Each structure stands twice: as structure tokens, then as C-alpha cells.
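Trainee: Take these sequences, add in the hints, and give me the full structure.
Numbering (the working numbering), first residue to last: 1 to 76.
Keep in mind the hints are simulated off the structure, nothing from the lab. Here the structure is a predicted model, which means the values were calculated and not measured. Just so you know, not all the hints are guaranteed correct.
SDA-like mimics (lysine to any residue), calculated; alpha carbons at most 20 Å apart, straight line [what the hints assert, rightly or not]: (1) 52 - 34; (2) 52 - 21; (3) 13 - 76; (4) 21 - 35; (5) 36 - 22.
Here are the in silico distance ranges between beta carbons for each label pair [stated by the list, open to error]: (6) 52 - 4: 38 to 48 Å; (7) 9 - 57: 19 to 29 Å; (8) 70 - 11: 17 to 27 Å; (9) 71 - 14: 40 to 50 Å; (10) 15 - 61: 44 to 54 Å; (11) 31 - 4: 34 to 44 Å; (12) 58 - 23: 17 to 27 Å; (13) 3 - 34: 40 to 50 Å; (14) 59 - 18: 36 to 46 Å; (15) 28 - 59: 42 to 52 Å.
C-beta: ideal position from N, C-alpha, C; glycine also.
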Amino acid sequence: MSRICFVTGKAPKRGRRIHRKGQTKKSGGIGTHVTKTVKRTFRPNLQRVRVKLPSGQVKRVWVSAKALKAGKVEKV
Numbered sequence: 001m002s003r004i005c006f007v008t009g010k011a012p013k014r015g016r017r018i019h020r021k022g023q024t025k026k027s028g029g030i031g032t033h034v035t036k037t038v039k040r041t042f043r044p045n046l047q048r049v050r051v052k053l054p055s056g057q058v059k060r061v062w063v064s065a066k067a068l069k070a071g072k073v074e075k076v
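Mentor: Have a look at this one:
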């Protein structure tokens, strides 16, 4: 099972990290240049917590920190 938030549906997103080389114009250089881009993943801040479901059942699920702070789930 992949790590996806039980409440908000947040999942890891794909992105890129840009590598730059050179001295900036502000500090006396001729400017920076992009030398390469590297793929990376942005992972949501997920916590594994025991949650009480509306049916009354207690289950351990992955929940984002934002959902926990907002009080969208009832911890047990």
C-alpha cells in the first residue's frame, strides 16, 4: 500500500531539482547557468495514527499532519 493520506488524499508528487553553476551577476559574475535537472519526489508529511471511524471501528491509517492539526480525524 502506498502512502496516501486517508482524509485528504495527499500523495507523493514528482518534480525536479535544478542544478545551477556559476557566480551570480549580483556578486560580480556573468550569471548562473542551468547545468542539469534531477528528478525527485515531494513527499507529504504523513503520520500513522489510530483513528476512530464513523462506524465506531478503530483502524490504524496514514493521515497528513495538516488534517491532524485541523481536527479532521478523531485520534484514539
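Trainee: Look at each hint and say if it fits the structure.
Mentor: Structure-based check of each hint:
{"no.": "1", "hint": "52 - 34", "in the structure": "violated, 49 Å"}
{"no.": "2", "hint": "52 - 21", "in the structure": "violated, 51 Å"}
{"no.": "3", "hint": "13 - 76", "in the structure": "violated, 30 Å"}
{"no.": "4", "hint": "21 - 35", "in the structure": "holds, 6 Å"}
{"no.": "5", "hint": "36 - 22", "in the structure": "holds, 13 Å"}
{"no.": "6", "hint": "52 - 4: 38 to 48 Å", "in the structure": "violated, 20 Å"}
{"no.": "7", "hint": "9 - 57: 19 to 29 Å", "in the structure": "holds, 20 Å"}
{"no.": "8", "hint": "70 - 11: 17 to 27 Å", "in the structure": "holds, 18 Å"}
{"no.": "9", "hint": "71 - 14: 40 to 50 Å", "in the structure": "violated, 30 Å"}
{"no.": "10", "hint": "15 - 61: 44 to 54 Å", "in the structure": "violated, 26 Å"}
{"no.": "11", "hint": "31 - 4: 34 to 44 Å", "in the structure": "holds, 41 Å"}
{"no.": "12", "hint": "58 - 23: 17 to 27 Å", "in the structure": "violated, 58 Å"}
{"no.": "13", "hint": "3 - 34: 40 to 50 Å", "in the structure": "violated, 31 Å"}
{"no.": "14", "hint": "59 - 18: 36 to 46 Å", "in the structure": "holds, 41 Å"}
{"no.": "15", "hint": "28 - 59: 42 to 52 Å", "in the structure": "violated, 60 Å"}
Consistency with the previously given hints fails for numbers 1, 2, 3, 6, 9, 10, 12, 13 and 15, ordered from lowest to highest.
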